[in-house]
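J.: Chains as they are written, first to last, in the working numbering: chain A, 1 to 174; chain B, 1 to 253.
None of the hints are false.
Computed beta-carbon distance windows for the label pairs:
| hint | chain 1 | residue 1 | chain 2 | residue 2 | range |
| --- | --- | --- | --- | --- | --- |
| 1 | B | H75 | A | N145 | 42 to 48 Å |
| 2 | A | E50 | B | K162 | 57 to 63 Å |
| 3 | A | D103 | B | R148 | 36 to 42 Å |
| 4 | A | L12 | B | E240 | 55 to 61 Å |
| 5 | A | N145 | B | S60 | 41 to 47 Å |
| 6 | A | C139 | B | S202 | 41 to 47 Å |
| 7 | A | E50 | B | F175 | 43 to 49 Å |
Derived SDA-like pairs: lysine to any residue, alpha-carbon spacing no greater than 25 Å straight-line:
| hint | chain 1 | residue 1 | chain 2 | residue 2 |
| --- | --- | --- | --- | --- |
| 8 | B | K209 | B | D151 |
| 9 | A | K163 | B | L34 |
| 10 | B | K223 | B | P90 |
| 11 | B | K144 | A | I133 |
| 12 | B | K144 | A | L146 |
| 13 | A | K73 | B | T68 |
| 14 | A | K73 | B | A126 |
| 15 | A | K73 | B | P245 |
| 16 | B | K144 | A | S152 |
| 17 | A | K73 | B | D70 |
| 18 | B | K3 | A | S93 |
| 19 | A | K73 | B | D250 |
| 20 | B | K144 | A | P116 |
| 21 | B | K197 | B | D178 |
| 22 | A | K73 | B | W253 |
| 23 | B | K144 | A | N145 |
| 24 | B | K199 | B | M221 |
| 25 | A | K73 | B | P249 |
| 26 | B | K209 | A | P149 |
| 27 | A | K73 | B | D123 |
| 28 | B | K199 | B | W168 |
| 29 | B | K144 | A | E118 |
| 30 | B | K162 | B | R148 |
| 31 | A | K73 | B | A251 |
| 32 | B | K3 | A | M92 |
| 33 | B | K144 | A | S160 |
| 34 | B | K144 | A | P149 |
| 35 | B | K144 | A | L120 |
| 36 | A | K22 | A | R106 |
| 37 | B | K144 | A | D143 |
| 38 | B | K209 | A | S148 |
| 39 | B | K144 | A | S148 |
| 40 | A | K73 | B | D69 |
I should point out that these hints are in silico values taken from the structure, not numbers from a laboratory. Treat the numbers as computed from the prediction; the structure is a model and nothing was measured. All C-beta atoms in this analysis are idealised placements derived from N, C-alpha and C, irrespective of residue type, glycine included.
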Amino acid sequence: MKEEGGNIGESLEAVALVKVVKRQLEDVMDPELPFLSISDMGILRDVIFENGHTICIITPTYSGCPATDIITKEVLAAARVMDPKSEVRIAMSPAWTTDWISDKAREKMTQNGIAPPEGLSHDRAFLTGDNRIIPCPICKSRDTNLVSPFGSTACKASFSCNKCLEPFEHFKCI
Amino acid sequence: MNKSQHKQALLRLGDDALILGQRLGEWCGHAPALEEDIALTNIALDLIGQTQSYLSLAGSLHEDDTQTDDQLAFHRIERDFQNLLLVEQPNGDFGDTIVRQFLFDYYALFRAEHIASQDFDIDAAAIAAKAIKEIRYHADHSSKWVIRLGDGTDESHSRVQKSLNELWKFTGEMFTVDEIDIAGAASGLLPDLDSIKTKWDSAIDAVLKDATLKRPEDGWMQKGGRSGIHTESFGFLLAEMQSLPRTYPDATW
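Based on the provided sequences and hints, a complete structural model is requested.
T.: Here it is, written out as structure tokens:
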């Protein structure tokens with residue numbers, strides 16, 4: 001991204017500012033998955049420097065996700081601790097995909113009883129195919145069944161385990 | 001297409017999603033099973049999200065100053081809404097709701113696939129690209145229910161066939177071309193409706209076959225939504241949806 005002002009001093013300052021804002025944003029959590037940061041989720045796309053201030057670029061997960069407003073406010077609050085003029089920009093394209101969720105985040109989901117997305121979003125078999133196997137995050141059994149493709153939040157489907165009989169949520173592949 | 005036509009085209013995308021989302025929201029707390037209550041309202045949420053994006057974009061093309069998505073949703077009158085008559089039809093029983101959804105989902109899917117691939121309006125393309133991911137889940141859900149009800153008991157079969165027969169007259173409007181469609185297709189923004197119809201026919205026929213349901217004859221088709229002429233129940237829907245923001249115009253969350 002283009003940085004305003006040509007002198008080296010200003011661009012060094014910009015680089016430093018972007019760095020501290022990024023670090024500050026590492027603590028912003030997803031309000032619906034409070035054990036995961038928005039960075040782990042791939043919602044925070046980048047922090048750039050433009051027109052003398054930082055811009056935090058975020059991509060919402062689902063069109064109607066009510067968490068987007070809260071995330072925007074929390075990002076702004078966190079970023080402005082380091083850069084009072086920081087702004088948030090919503091980037092719609094490319095559309096958010098579960099492919100951006102980090103391995104660390106997938107591991108944390110499992111630890112918290114949510115089956116992480118399986119496979120890649122461009123593989124249609126994982127989107128709505130009937131043959132997908134979602135292992136139980138609790139007992140690890142692969143003998144599970146889909147209760148409903150919709151769950152407690154827009155991003156999750158409801159499953160149950162045929163072995164330990166526990167219901168669990170699956171983060172849908174999109 | 002000129003700016004006014006461009007705005008109209010985006011309003012249609014937003015209005016289809018808004019009105020169907022509002023109808024589905026009426027199921028909240030009333031669906032036949034908890035999972036379905038959650039499913040229908042999740043779909044409503046996706047649709048309202050798509051609405052916000054499309055109406056905000058439409059509002060940015062307003063002649064004088066920018067209109068917000070809320071202004072467009074809550075402060076327009078009946079004649080200014082351009083949604084399909086199909087999406088405003090009352091919920092009826094669960095089968096009616098599912099068939100309405102099924103008929104719309106594939107139309108919405110193929111339309112979104114076109115919009116996502118054009119570059120006349122890249123903001124609309126971004127909204128559509130996101131919406132596709134959601135609509136695929138909606139279409140999967142409604143298709144499976146059509147099959148389950150159609151290929152279920154004698155009672156569920158006859159009732160869902162009746163839903164299909166009664167809603168069929170609203171499907172012609174999806175593929176009726178008017179000046180906005182012509183201008184939209186010429187600019188690239190909107191799809192050629194004939195090609196959408198071909199895809200829609202084969203998707204619908206495949207599901208109906210599995211569901212052992214009979215595709216109704218294309219008889220007389222009811223139209224009007226695209227030009228602001230709505231069915232009787234629409235006024236009641238708007239009254240409920242708009243009453244709070246109209247009574248308290250400055251209300252905020």
